[in-house]
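A.B. asks: Residue numbers (our numbering), protein chains in the order written: chain A, 46 to 295; chain B, 2 to 284; chain C, 6 to 265.
I should point out that these hints are in silico values taken from the structure, not numbers from a laboratory.
Hints are not guaranteed to be accurate.
Pairs of lysine to any residue residues, derived as SDA-like cross-links and limited to a Cα-Cα distance of at most 20 angstroms, are as follows [claimed, not checked]: (1) Lys210/C with Thr194/C; (2) Lys89/C with Glu146/A; (3) Lys52/C with Thr251/A; (4) Lys202/C with Thr247/B; (5) Lys154/C with Phe248/B; (6) Lys228/C with Arg143/A; (7) Lys155/C with Thr247/B; (8) Lys125/C with Ala52/B; (9) Lys89/C with Ala136/A; (10) Lys32/B with Tyr105/A; (11) Lys128/C with Pro147/B; (12) Lys106/C with Asp58/B; (13) Lys33/C with Ser156/A; (14) Lys106/C with Met55/B; (15) Lys106/C with Arg150/B.
Sample of chain B residues lacking proximity to chain C, with all beta carbon distances greater than 12 angstroms (derived) [unchecked claim]: (16) Leu40; (17) Ser50; (18) Leu53; (19) Phe54; (20) Trp72; (21) Ala104; (22) Glu144; (23) Arg150; (24) Pro193; (25) Arg200; (26) Ile207; (27) Ile231; (28) Ile264; (29) Val269; (30) Leu271.
Ideal Cβ placement from N, Cα and C applies to all residues, glycine included.
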Amino acid sequence: MADASIIPAGITGMFDLLSPVAPGWGANLLRGLVRSLQIAFGAFGMGLIIGTFGSYAKLYGGPIARDLAAIYTTLVRAIPELVMIILLYYAGTDLINRILEGMGYQRVDISGLVAGIVVLGFVQGAYATEVLRGAIKAIPQGEIEAARAYGMSPVLMMRRITLPAMLPHALPGLANLWLISTKDTALLAVVGFSELTLETRQAAGTTKAYMTFYLAAGALYLFVTLFSSVILESVEKRARRGMPSVKEAR
Amino acid sequence: MSNVLGETEIEVPIETFPIHKEKDASSLASKLPPHRIVLILIGLALVASAALFMRWDWLPQYGGLILQGLWRTIWILVVTVVLGFLLAVPLGLAQASGPAFLAIPARAFCTVIRGTPLLVQLWLLYYGLGSLFPQYPWIRGSELWPYLRQAWPYAVLALTLSYAGYEGEVMRGAFAGVPKGQLESARAFGMPRFTIFRRIWLPQAIHRALPTLAGEAVLQLKSTPLVATITVVDLYSVASRVRQDTFLTYEPLLLLAAGYLVITGIIVMLFRRVERLIPSKLG
Amino acid sequence: MKSFLKTTAAVVVLVVAGLGAANAEQVKVGIAAEPYPPFAAPDASGKWQGWEIDIAMAMCEAAKLDCVITPVSWDGIIPALTTKKIDIIAASMSITAEREKTIDFSDKYYNTPTLILGSKEEKMDATPEGLKGKILGVQVSTVHQAYAKKHFADTAAEIKEYQTQDEANQDLAAGRIDATQADGLALETFAATPEGKACCDIKGKVADDLEILGPGVGVGIRKGDTAMKEKFNAAIKEIRANGKYDEISKKYFTIDMYGG
Numbered sequence: 046m047a048d049a050s051i052i053p054a055g056i057t058g059m060f061d062l063l064s065p066v067a068p069g070w071g072a073n074l075l076r077g078l079v080r081s082l083q084i085a086f087g088a089f090g091m092g093l094i095i096g097t098f099g100s101y102a103k104l105y106g107g108p109i110a111r112d113l114a115a116i117y118t119t120l121v122r123a124i125p126e127l128v129m130i131i132l133l134y135y136a137g138t139d140l141i142n143r144i145l146e147g148m149g150y151q152r153v154d155i156s157g158l159v160a161g162i163v164v165l166g167f168v169q170g171a172y173a174t175e176v177l178r179g180a181i182k183a184i185p186q187g188e189i190e191a192a193r194a195y196g197m198s199p200v201l202m203m204r205r206i207t208l209p210a211m212l213p214h215a216l217p218g219l220a221n222l223w224l225i226s227t228k229d230t231a232l233l234a235v236v237g238f239s240e241l242t243l244e245t246r247q248a249a250g251t252t253k254a255y256m257t258f259y260l261a262a263g264a265l266y267l268f269v270t271l272f273s274s275v276i277l278e279s280v281e282k283r284a285r286r287g288m289p290s291v292k293e294a295r
Numbered sequence: 002m003s004n005v006l007g008e009t010e011i012e013v014p015i016e017t018f019p020i021h022k023e024k025d026a027s028s029l030a031s032k033l034p035p036h037r038i039v040l041i042l043i044g045l046a047l048v049a050s051a052a053l054f055m056r057w058d059w060l061p062q063y064g065g066l067i068l069q070g071l072w073r074t075i076w077i078l079v080v081t082v083v084l085g086f087l088l089a090v091p092l093g094l095a096q097a098s099g100p101a102f103l104a105i106p107a108r109a110f111c112t113v114i115r116g117t118p119l120l121v122q123l124w125l126l127y128y129g130l131g132s133l134f135p136q137y138p139w140i141r142g143s144e145l146w147p148y149l150r151q152a153w154p155y156a157v158l159a160l161t162l163s164y165a166g167y168e169g170e171v172m173r174g175a176f177a178g179v180p181k182g183q184l185e186s187a188r189a190f191g192m193p194r195f196t197i198f199r200r201i202w203l204p205q206a207i208h209r210a211l212p213t214l215a216g217e218a219v220l221q222l223k224s225t226p227l228v229a230t231i232t233v234v235d236l237y238s239v240a241s242r243v244r245q246d247t248f249l250t251y252e253p254l255l256l257l258a259a260g261y262l263v264i265t266g267i268i269v270m271l272f273r274r275v276e277r278l279i280p281s282k283l284g
Numbered sequence: 006m007k008s009f010l011k012t013t014a015a016v017v018v019l020v021v022a023g024l025g026a027a028n029a030e031q032v033k034v035g036i037a038a039e040p041y042p043p044f045a046a047p048d049a050s051g052k053w054q055g056w057e058i059d060i061a062m063a064m065c066e067a068a069k070l071d072c073v074i075t076p077v078s079w080d081g082i083i084p085a086l087t088t089k090k091i092d093i094i095a096a097s098m099s100i101t102a103e104r105e106k107t108i109d110f111s112d113k114y115y116n117t118p119t120l121i122l123g124s125k126e127e128k129m130d131a132t133p134e135g136l137k138g139k140i141l142g143v144q145v146s147t148v149h150q151a152y153a154k155k156h157f158a159d160t161a162a163e164i165k166e167y168q169t170q171d172e173a174n175q176d177l178a179a180g181r182i183d184a185t186q187a188d189g190l191a192l193e194t195f196a197a198t199p200e201g202k203a204c205c206d207i208k209g210k211v212a213d214d215l216e217i218l219g220p221g222v223g224v225g226i227r228k229g230d231t232a233m234k235e236k237f238n239a240a241i242k243e244i245r246a247n248g249k250y251d252e253i254s255k256k257y258f259t260i261d262m263y264g265g
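Excised from the complex, chain A in its bound form (with noise of 0.2 angstroms):
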């Protein structure tokens, strides 16, 4: 990797320019993999929730919800990102402080960071909804009836049965889903978010070292990718126990 001929000339070494301590840009590189991380992680859990919602609105809402649920998620998914991004962050937050000034209430300050987790958090619950409700039609339907047999609300049936019912088959989709939420931050960079990809455009833009600077971003984000895949496996393994393997049912 350190092959001396990709260092541009006048740079004296790559490791000092990547040194965490202040003449480097470390810190700065690894500040802004912390940010992407938090906003991958808040638009994944969002995502989520959206997700819930929306394949409940898929396989059990009336047939209006069941439209809005479509029209959403055809929407969001023939849309690129990137657009969606540009679109949201500045259209969308202009318009929920206009409903709020609208009704009455003093307009809020929607940060970077709040901004980034909603706008790709809308866009993650578009194919966490697909994942879910193609989850919760995996299970076995007589477990659901059954539940409903036993006069259980629809809340203790989701949090009792559904969820947890699902959650094997839902798994390798969503670690897919968490992999690209990862990868998403980087287009923040787009709309002057500092994540990693604008931290390292800054610091190659500084100090001219191009390469040197998108190779480490990469690096991390291979990290942070193959870091969560033995994580995610291992966590599907648990939720897999006792369930037959996917490649003996084959």
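Got chain A sorted already, so can you dock chains B and C onto it with the hints?
C.D. replies: For chains B and C alone, kept in the frame of chain A given last:
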């Protein structure tokens, strides 16, 4: 460990636009219950109010530019999907049944591409490689220089590699999923290895991968606006220019979103056609 | 299951906390999130520094405002102002008639010549004929883009648009463009760096066009926010009068920043 990425993702692929065979043609009435008519009317009202109350006077002035951007977006999409798929076949084959010295690099390539954001890959290729040019004066003297100094080759390269990375993973699963018996019986007939690949293995693998192809193509379309960040003038960058020239916040973005919706619709429809041409039962 | 509920709770708390953290008293000074040395660039500790940052903070101090630097993407900086993501713009934005349709400006706080920086190997000058057949790079939504479009579009081979001036400089050094047009001080600063010295030299000053280039750089203010405008006009006068302006400028430049 090395296959953690693939295993979690391949088993339940997220189909952006799953293609289902149409159920028997339902009557118009069952497709249009009253609530749906109301929803359609609300939608039309929204579109009409957007057309009436928002500013669209810039449209004629930018019409030519918008068409140019649209053309560039579609061109990049088609070229990178085709090239990416051609690259994905060997990548998938190498992972499914290649020797270790081919399988490991192929798997590493897919992991790296899928593990890092496309935006970082794009900027690494464009600005990272660009920053190396001044060190090697012979590059500027070479015949390739007229291409290297433009932005689109980098855009095409980055998007092609990205598509190959994702689709390579799909093809790996598709190649591995072709029943072994088919290959064995082909061998028993004395077919040469390349003929087996051409006649038996590849067609069945593509057939298996087909439902994900439409979704991957839509994902690829959704990645194309990133090329605007390296000075390629695509549909997205035309909209940004309108935004900057006119200082309008909403209108260009709404038009842009509508444009991508239409392209997505066309992609899904085309793939549905292709899928229909191919018999769904092999045998 | 439990972890799912916990995640949910954590997100809700996070969102609510973020919304609750609204602080109406602070004035958010919008700057471009891309480095623009020597006016504004982050240092290795992530703190924004430069002449313009110092001047903006001095103006805020004179106007007795509690200011906080808020980086936003340059190409979205005017929407950010109109949608109240930021309260003022201090990002080397020239006062132009076109922009004044959408936002207001304070009086100018600096004015420097517009220069063309070009590749050493190419012969050219800062006139339409001098740039014949050349590829010119400009930063999007700047006066330089508007100027290049009006004066050089007919003769130049291509006008490439960059998100940041920094990237245009980088592509000039990489040889992908032949020249770039930008603010003189920013270009001279780049030309003095090792990369800049190796690749390029200043080709000259472009002919004046007051209608496009404007009278100078002012603080961008939301339309109708006259109180803010008056505060900054007074602040600019004050720091010019009490020597603060010259004191800051001396730290970065040798020439007169305010211009004639």
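A.B. asks: Run every hint past the structure and note whether it holds.
C.D. replies: Verification of the supplied hints:
1. Restraint check for lysine 210/C and threonine 194/C: the C-alpha separation of about 15 angstroms stays at or below 20 angstroms, so the hint holds.
2. For the hint linking lysine 89/C to glutamate 146/A, the alpha-carbon distance of about 13 angstroms falls within 20 angstroms, and the restraint holds.
3. Between lysine 52/C and threonine 251/A, the direct Cα distance comes to roughly 13 angstroms. Compliance with the 20 angstroms bound is thereby established for this hinted pair.
4. Annotation: proposed proximity of lysine 202/C to threonine 247/B is violated, straight-line Cα distance about 37 angstroms (limit 20 angstroms).
5. Between lysine 154/C and phenylalanine 248/B the alpha-carbon distance is near 18 angstroms, which keeps this suggested pair within the 20 angstroms criterion.
6. About 17 angstroms separates the Cα atoms of lysine 228/C and arginine 143/A, which keeps this hinted pair within 20 angstroms; it holds.
7. The hinted pair formed by lysine 155/C and threonine 247/B meets the criterion: a straight-line CA distance of about 16 angstroms does not exceed 20 angstroms.
8. A C-alpha spacing of about 51 angstroms is found between lysine 125/C and alanine 52/B, which places the hinted pair above 20 angstroms, so the restraint is violated.
9. Proposed proximity of lysine 89/C and alanine 136/A is supported: the alpha carbons are some 11 angstroms apart, at most 20 angstroms.
10. For a cut-off of 20 angstroms, the pair hint linking lysine 32/B to tyrosine 105/A stands: about 19 angstroms separates their Cα positions.
11. Between lysine 128/C and proline 147/B the CA atoms are separated by roughly 19 angstroms; this keeps the pair inside 20 angstroms, and the hint holds.
12. For the given pair, lysine 106/C sits about 16 angstroms from aspartate 58/B by alpha-carbon distance, which is consistent with the 20 angstroms threshold.
13. Of the pairs offered as hints, the one joining lysine 33/C and serine 156/A holds, with about 11 angstroms between alpha carbons and a cut-off of 20 angstroms not exceeded.
14. Distance restraint check for lysine 106/C and methionine 55/B: the Cα-Cα separation of roughly 17 angstroms lies within the 20 angstroms cut-off, and the hinted pair is therefore satisfied.
15. In summary, the hint linking lysine 106/C to arginine 150/B is not supported, as the alpha carbons are separated by about 37 angstroms, beyond the 20 angstroms threshold.
16. With a closest Cβ-Cβ approach of about 29 angstroms to chain C, leucine 40/B is found to remain outside the 12 angstroms limit, as its non-interface label requires.
17. Taking the minimum C-beta to C-beta distance to chain C, about 20 angstroms, the non-interface status of serine 50/B holds against the 12 angstroms cut.
18. For leucine 53/B, the requirement that its beta carbon stay farther than 12 angstroms from each beta carbon of chain C is met, with the minimum near 22 angstroms.
19. Phenylalanine 54/B, annotated as away from the interface, keeps every beta carbon of chain C farther than 12 angstroms; the closest lies near 17 angstroms.
20. Residue placement check: tryptophan 72/B keeps its beta carbon more than 12 angstroms from all beta carbons of chain C (closest about 17 angstroms).
21. Residue-level check passed: alanine 104/B sits 36 angstroms from the nearest beta carbon of chain C, beyond 12 angstroms.
22. With a least beta-carbon separation of about 15 angstroms from chain C, glutamate 144/B lies farther than 12 angstroms from that chain, consistent with its non-interface assignment.
23. Not every beta carbon of chain C lies more than 12 angstroms from that of arginine 150/B, the smallest distance being close to 4 angstroms; the non-interface claim is violated.
24. Separation of proline 193/B from chain C is adequate, the least Cβ-Cβ distance of about 48 angstroms exceeding the 12 angstroms criterion.
25. With a closest Cβ-Cβ approach of about 47 angstroms to chain C, arginine 200/B is found to remain outside the 12 angstroms limit, as its non-interface label requires.
26. Distance check on isoleucine 207/B: its Cβ is at least 38 angstroms (rounded) from any Cβ of chain C, clearing the 12 angstroms threshold; non-interface status holds.
27. Listed as outside the interface, isoleucine 231/B is inconsistent with that label: its C-beta sits roughly 9 angstroms from the nearest C-beta of chain C, within the 12 angstroms cut-off.
28. For isoleucine 264/B, the shortest C-beta to C-beta distance to chain C comes to about 23 angstroms, beyond the 12 angstroms cut-off, and the non-interface label holds.
29. Once the 12 angstroms rule is applied to beta carbons, valine 269/B is consistent with being away from chain C; the minimum gap is 31 angstroms.
30. Every Cβ of chain C is farther than 12 angstroms from the Cβ of leucine 271/B; the closest lies at roughly 33 angstroms, confirming the non-interface assignment.
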